[in-house]
Structure formats: C-alpha cells, structure tokens
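So the protein lines, in turn, are chains A and B.
This note's numbering puts the first residue of the first sequence at 13, with every later residue one more than the last.
This note's numbering puts the first residue of the second sequence at 3, with every later residue one more than the last.
Calculated directly from the structure, the hints in this document are not laboratory data.
From a predicted model like this one, the values you see are computed outputs, not experimental measurements.
Honestly, I wouldn't trust all of these hints.
What the hints assert, rightly or not - The calculated lysine-lysine pairs, modelled on DSS-like cross-linking and capped at a C-alpha distance of 30 Å, are: (1) A:Lys-29 with B:Lys-51; (2) B:Lys-156 with A:Lys-29; (3) A:Lys-73 with B:Lys-161; (4) B:Lys-46 with A:Lys-73; (5) A:Lys-138 with B:Lys-161; (6) B:Lys-29 with B:Lys-6; (7) A:Lys-32 with B:Lys-161; (8) A:Lys-73 with B:Lys-156; (9) B:Lys-161 with A:Lys-97; (10) B:Lys-156 with A:Lys-70; (11) B:Lys-29 with A:Lys-138; (12) A:Lys-197 with B:Lys-6; (13) B:Lys-161 with A:Lys-70; (14) A:Lys-70 with A:Lys-32; (15) A:Lys-32 with B:Lys-156; (16) B:Lys-29 with A:Lys-97; (17) B:Lys-161 with A:Lys-197; (18) A:Lys-138 with B:Lys-46; (19) A:Lys-32 with B:Lys-46; (20) B:Lys-156 with A:Lys-197.
So you can see what is in the structure, the chains are spelled out below.
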Amino acid sequence: MTTTVESDQLLVERVQKGDKRAFDLLVIKYQSKVLSLIGRYVSDVHEAMDVAQEAFIKAYKALANFRGESAFYTWLYRIAVNTAKNHLISRGRRPPGTDIDVDEVHADGGMSELSHIDSPEASLHKEQVENTLSRALEALPDDLRTALMLREFDGLSYEDIAQVMDCPVGTVRSRIFRAREAIDKQLEPILESTVNC
Amino acid sequence: MSDKIAESLSALLDNEATELDVRRLTKNMTDEDLDTWGRMCSMKQGLHKENVSYESINLLDGIRAGIADEEIVEQPKPATSGWKNWLGGVGVAAAVAMAVVGIGVQNNEFSTEAGGQLVSNEQPVATEKTEKPAQTDPGATRLAAADMSPEQYKALQDKLRSYMQQHAENSPDDIVGDVMPYARVVSFEVEQAKK
C-alpha cells in the first residue's frame, strides 16, 4: 500500500494546486469545530456563521502560503480566533483578553456560548445522536465493530489493525468503511435539521 | 454514490488515504458524497463525544461564493536537481570557500608573521593587538579581525553567516561536508582574535 500522509496535508496540497473541491472537504470537516470555536466569542448563531464563513474564505486566500509547519487545523484555528476578535472590535465590542486553548475548545464539557448549542433542543439532539451511534455500533457484526473500535478508540493504524485481526490491510480498510456505512444509515435520518447561513 | 468514493472518504477520515484516493475524490465526488463526508465527520465527533453541534451546518455555499473568483497561484518550489542548480551550488560553495579561506589566511598571517609559528591560544591577545598595526601592509585593504571596531566585526560576521547559510542551502551535501569543518575552525579563530 502507498505510504499515507496526513489527510489534511494531502487536501491542502490539492487546494494549492487549484483544486477547490479539496477545500470543500476541509470546510465540511472543520465547519462544526470552527463554528463552535467562534461561538466562544460571538453568541448569536447567524453572526457566528458569518464570521466562520469569513474565516474559511480568509484561510483559502492565505492557503498558498501555508507550508505545513503546523497542523492545518491549528493554522485555521488562529485565523478563526483572529477573525472573531476583529469582528467584535469592528462592532465596538471588546474581545476576551485571553485566548482559548486549541485543545480545550472541543473537549467534553467546554460548552460554546452559541445559543443553538446550549439550547435544550440542541442538548436533546446531541443525546439522540450519541445514543443512535452507540446502538448502531453495538449492532455491527463482530469483525466490522472490532475494526472500527480499534481505529476510533485505540487509535491503531490500518496496518496495526491488520496485524491484530490477522487479515490484509485492504480488508481492514473495507471493514471500517462498511462499519461506517452501516452506522450512517442509522444516523442519516436524525442529522437532517440544517442551519443555513 | 460509489463504494470506491465512500471507501476513500472513510480512509481520508482516518488519515489513511493515499494521493490516489484524494485525486479520485476531488475528481468524481458529488454533493451527495460531500453530505456523506459531513455525516462521517459528525460520526467521528460523536464517537469521541466532542462538543460540537450535530445540526447539519451549511457554510459551504457561502464559502464557495466567497472564493469563486479566487485562484490560488501555486508558489514555485526551488528546483532540487539539474545541472544549472548544481553549477549554482558549486559557484556559491566556491565563493564561500574563498571568503572563508581569505579570512583564514588573514588570521594565519597575523599569527605567523612574528615568528613563523602559529600563535598558540595561550598567547596574550593584547600582544598580538599591539604588534599588528606596525606589521600590516598600509596598502592592504583587508581588515584584520583584531583591528576592527565592534560594528565592523559584527558586519563581517553577519556577512560570513549569510554566505554560509546561502552555501548550505545551495550546495550539494558532499561539498558542505568538506567546507564546513574548516569554516568552523576559522570562525573559532576569528572569535579568539576578537577576545
């Protein structure tokens, strides 16, 4: 199997070669995180979404100069924080004195100020998603569940999982994909409500 | 959606995607595939109980509109092979070597002029400083390290450092290996002369 590189770096390199579809993948991957981060500074959801959009657009424009010296998300995080602070200043509001640590933002318990994340409906929805995930994971055939759990919870590479499960790497890749596909069928109906910008 | 696309998305999520996967994705994926990618990302966040909203957020349309007229111009990477590059590297290496040797010879002149012997490190530097002006050829344009003002010395150090940096960046590895030890020796001598 070809040597793998960090996915983000592969996508960044594609974007740097002019492939905007690769940027779509980065946006979708990080939009929730960026929105959650910006929600620490801007509490109104629609305002936060505007700021998040602006942050992604700034990131795209600056991507030609991104050299991969830090992780893509760390770099994007700085852009998002600066965009949020500038937004507050432009509205005559004072940004918080201390920055939020990149590792703390998405940790469990570190709630965003965003009203739609804090609302009882959102909490209920979150609980529903997590329960569905647990049930779907339990319902998976053994080989699919083991492969996915070794990847997600033990952080093993496909190659390590192949050794543990005594099967080819291609089989691991396929099992993990089929596990996700099965879970997705359960998850899709409850991930429908869309917040549009 | 084809299984190949979905499998590539799954591998991408795990940092196990290859360049081929990424090329396949960006060439063939549809907006429906992007929705699947979004749910896969939510799935991962859910499994890790990250504190994010699971409401499907649509920032993409606005971002696409915002970058529609933007084109990323790929930054040219410096060529790493070819005879021109090699020749350039050799040229810079030769220039650096000459600069280094020039300073080295200068230092050796100071230390050998008196007795034809190398001045040991233990010899008081003050003696060397007092003797040198009388021995220096008035027509010479080169400056001895010990005669320089701190500003001149610093300027020379900076210049030498920039030469060395340029040399290290441009020259082939095998040449660097040959010149660098001598450069370090000379640099040490200059430091000693300064003291």
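(message) For each hint given before, does the structure comply? Return the numbers of the non-compliant ones in rising order.
(response) Numbers 1, 2, 3, 5, 7, 8, 9, 10, 11, 13, 15, 16, 17 and 20, in rising order.
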